[in-house]
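Engineer: Sequence:
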Amino acid sequence: MKAEERWQARFRASRMTLPTWARQAPNRSIYRSNATGKWEVYAWDRVTGATRQVTDRPSGTAYAAIDPTGQWIYWFGDTDGDEYGSWWRQPFTGGPDEPVAPELPPGQPGGIALSTTGVAAISLAGGGAFRVHLVRPDRPATTLYEHTEAAWVAGMSLDGSLIAINHGEYGDFRHPALRVVRQNGQEVGELYDGPAKGVIGLDFAPVPGDRRLLTLHERRHRHEPLVWDPVTGEQREIWLRDPGELTAEWYHDGRGLLIVRDHRARTHLHRYDLAGGGLILIDTPHGVIEEAAPRPGGHVEYSWSSGSHPPVIRSSTGQVVVNPSGPPAPPSVPVQDIDVEGAGGRIHALVSKPETGIAPFPTVFLLHGGPDAHDRDAFSPEVAAWVDAGFAVVRVNYRGSTGYGSAWRDTLRDDVGHIELADVAAVRQWVVEQGISDPARMVLAGTAWGGYLTLLGLGTQPGLWAAGIAAVPIACHHTSYEDESESLRAFHRALLGGSPAEQPERYAASSPITYVDQVKSPLLILAGQNDCRCPLRQIEKYVAKLAEHGSEHEVYTYDAIGASLVVAERITQTARQLEFARKHTTAVKIDG
1 MKAEERWQAR
11 FRASRMTLPT
21 WARQAPNRSI
31 YRSNATGKWE
41 VYAWDRVTGA
51 TRQVTDRPSG
61 TAYAAIDPTG
71 QWIYWFGDTD
81 GDEYGSWWRQ
91 PFTGGPDEPV
101 APELPPGQPG
111 GIALSTTGVA
121 AISLAGGGAF
131 RVHLVRPDRP
141 ATTLYEHTEA
151 AWVAGMSLDG
161 SLIAINHGEY
171 GDFRHPALRV
181 VRQNGQEVGE
191 LYDGPAKGVI
201 GLDFAPVPGD
211 RRLLTLHERR
221 HRHEPLVWDP
231 VTGEQREIWL
241 RDPGELTAEW
251 YHDGRGLLIV
261 RDHRARTHLH
271 RYDLAGGGLI
281 LIDTPHGVIE
291 EAAPRPGGHV
301 EYSWSSGSHP
311 PVIRSSTGQV
321 VVNPSGPPAP
331 PSVPVQDIDV
341 EGAGGRIHAL
351 VSKPETGIAP
361 FPTVFLLHGG
371 PDAHDRDAFS
381 PEVAAWVDAG
391 FAVVRVNYRG
401 STGYGSAWRD
411 TLRDDVGHIE
421 LADVAAVRQW
431 VVEQGISDPA
441 RMVLAGTAWG
451 GYLTLLGLGT
461 QPGLWAAGIA
471 AVPIACHHTS
481 YEDESESLRA
491 FHRALLGGSP
501 AEQPERYAAS
511 SPITYVDQVK
521 SPLLILAGQN
531 DCRCPLRQIE
541 KYVAKLAEHG
551 SEHEVYTYDA
561 IGASLVVAER
571 ITQTARQLEF
581 ARKHTTAVKI
591 DG
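Counting from 1, one number per residue, gives the positions in the sequence shown under the working numbering.
None of these hints come from the bench; they were simulated from the model. Here the structure is a predicted model, which is why all the values come from computation and not from measurement. Built from N, CA and C at the ideal position, the CB exists for glycine as well. Careful: at least some of the hints might be erroneous.
Computed list of lysine-lysine pairs in DSSO-like fashion (alpha-carbon distance at most 30 Å, straight line) [what the hints assert, rightly or not]: (1) K2 <-> K583; (2) K520 <-> K583; (3) K353 <-> K583; (4) K353 <-> K2; (5) K541 <-> K520; (6) K545 <-> K583; (7) K520 <-> K353; (8) K520 <-> K545; (9) K583 <-> K541.
For each label pair, taking beta carbons as the anchor points, the in silico distance ranges come out as [to be verified]: (10) P334 <-> K2: 21 to 27 Å; (11) R346 <-> K2: 36 to 42 Å; (12) E291 <-> P102: 28 to 34 Å; (13) R576 <-> G326: 22 to 28 Å; (14) E291 <-> G94: 24 to 30 Å; (15) G463 <-> R220: 39 to 45 Å; (16) W239 <-> P137: 38 to 44 Å; (17) L281 <-> R220: 16 to 22 Å; (18) G498 <-> I358: 49 to 55 Å; (19) G297 <-> Y63: 24 to 30 Å; (20) P208 <-> W239: 27 to 33 Å; (21) R576 <-> G498: 36 to 42 Å; (22) R220 <-> G276: 19 to 25 Å.
Hey, can you work out the whole structure from these sequences and the hints?
Structural biologist: Below, the structure is given as structure tokens:
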């Protein structure tokens, strides 16, 4: 298979998310798959083996849920992939679609929580406010919660009597508090650990009448599980000696927790016994587990991959649970871990090298989005495409990344954008000194926050990069704030200490448009026309400045955010990026 056919085959190969099962009907599951060329929702009857496609939308479907009884499948329907719309549902066995709350105006989704009684809680943002609505059968929806700071529904008890809401009322969306209320809005209890110590709600115990709520706290400078009874106030912290960030999931009987531990770009699973406090490591292959969930009977199903091995749905019993239809994705190369000393501490990064060719290689630094995210040893068609094209790929878990503790994640607040790029520059120097990368053929690239860092890097580190590729970037924090969704405005305020009116200097200092006159390298920008995360107007302002200064650049626009859910569009964009990088890493000379 030729290199181009191989990398495109990875995008076209059918993939699926971990099936989510109904709590009281465990043989009824839903999952999302790209089998038709778009990510859509499917229903799966585990008894008969029958599957059926539930949604078919032009830009795909990103959010879905199944109610605890297994009677209904819910999904969020937006307009042209703009992430602005309403919740819909359909019977598990098939039937007409119906709006969940037709009387509510459309908004940006903030989650959905479902009960066994037909009561649902949905959160929508719009019009300058965040709202959680209570939806009951045969009654108009009521507003349960409303605030100008970010909020979202975190969970609902099985009987629908208790609703958990995460909120940023204390001014820090990135470190929320957690409140539990009744259906009439009466507050039952709240967890707030103070500044820079968020409490995140996960789910109520999956047992009728059980009030316990599983949460994550940051009291010891990392995310760790905590079980909380909001009625009595009783709390139980779950502490593990092992390093890494933790999250958790209930076992079906509420007697144990599945602990998911993320450490140095790999995932480990443990069972924690709530009665005796015992901890058992669950044997899984070396790599990354995107999702994991215990099944009745005690075994665990999980979605696993590694840099070299395509995703598969596995069970802790050793079996493959289900295979997507069609031929599997071709494998890729394993990743190499590197550790580089930087100004803020040791930086962990991942390197993928071509199997052919001679070092030093042309190299692309692929910067992850977020910034509350991190790169891991997971299968990536994008990374594999670059490697097949002869590029080494470097992915840096810079300060601001998750996975390395709260202090590492929160440090970037001191100098947003510039701190991350200092870490990127340190890793760049290391791979050049090690003979891995050719300093004259280095490309800086990324999507969303990674695209923002690409623009900022080309303006503040003009001697380091032969070219830049920025997909859906933030080009001007101030203009982006004016046009973006409510949740991202809250994120901006939390990260930069207030609104643009309150912190104009910080917004300007961290904005790529401030440094646009220093951009010397060719630049490719990819932008979504209906993007509410990285709005088009602020990118257009940046591009106009590029043109004023005579900077070489190309712009590719497409319909919507949802294009990332459409396989053909992802292939088109990847091909465009590879072509641009090849053109600008041939016989170039830059400082470095």
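Engineer: A separate judgement is required for each hint: does it hold in the structure or not?
Structural biologist: Right, here's what the structure says about each hint:
no.: 1; hint: K2 <-> K583; in the structure: holds (20 Å)
no.: 2; hint: K520 <-> K583; in the structure: holds (16 Å)
no.: 3; hint: K353 <-> K583; in the structure: holds (20 Å)
no.: 4; hint: K353 <-> K2; in the structure: holds (18 Å)
no.: 5; hint: K541 <-> K520; in the structure: holds (18 Å)
no.: 6; hint: K545 <-> K583; in the structure: holds (23 Å)
no.: 7; hint: K520 <-> K353; in the structure: holds (27 Å)
no.: 8; hint: K520 <-> K545; in the structure: holds (13 Å)
no.: 9; hint: K583 <-> K541; in the structure: holds (26 Å)
no.: 10; hint: P334 <-> K2: 21 to 27 Å; in the structure: holds (22 Å)
no.: 11; hint: R346 <-> K2: 36 to 42 Å; in the structure: holds (40 Å)
no.: 12; hint: E291 <-> P102: 28 to 34 Å; in the structure: holds (31 Å)
no.: 13; hint: R576 <-> G326: 22 to 28 Å; in the structure: holds (25 Å)
no.: 14; hint: E291 <-> G94: 24 to 30 Å; in the structure: holds (26 Å)
no.: 15; hint: G463 <-> R220: 39 to 45 Å; in the structure: holds (41 Å)
no.: 16; hint: W239 <-> P137: 38 to 44 Å; in the structure: holds (42 Å)
no.: 17; hint: L281 <-> R220: 16 to 22 Å; in the structure: holds (21 Å)
no.: 18; hint: G498 <-> I358: 49 to 55 Å; in the structure: holds (51 Å)
no.: 19; hint: G297 <-> Y63: 24 to 30 Å; in the structure: holds (28 Å)
no.: 20; hint: P208 <-> W239: 27 to 33 Å; in the structure: holds (29 Å)
no.: 21; hint: R576 <-> G498: 36 to 42 Å; in the structure: holds (38 Å)
no.: 22; hint: R220 <-> G276: 19 to 25 Å; in the structure: holds (22 Å)
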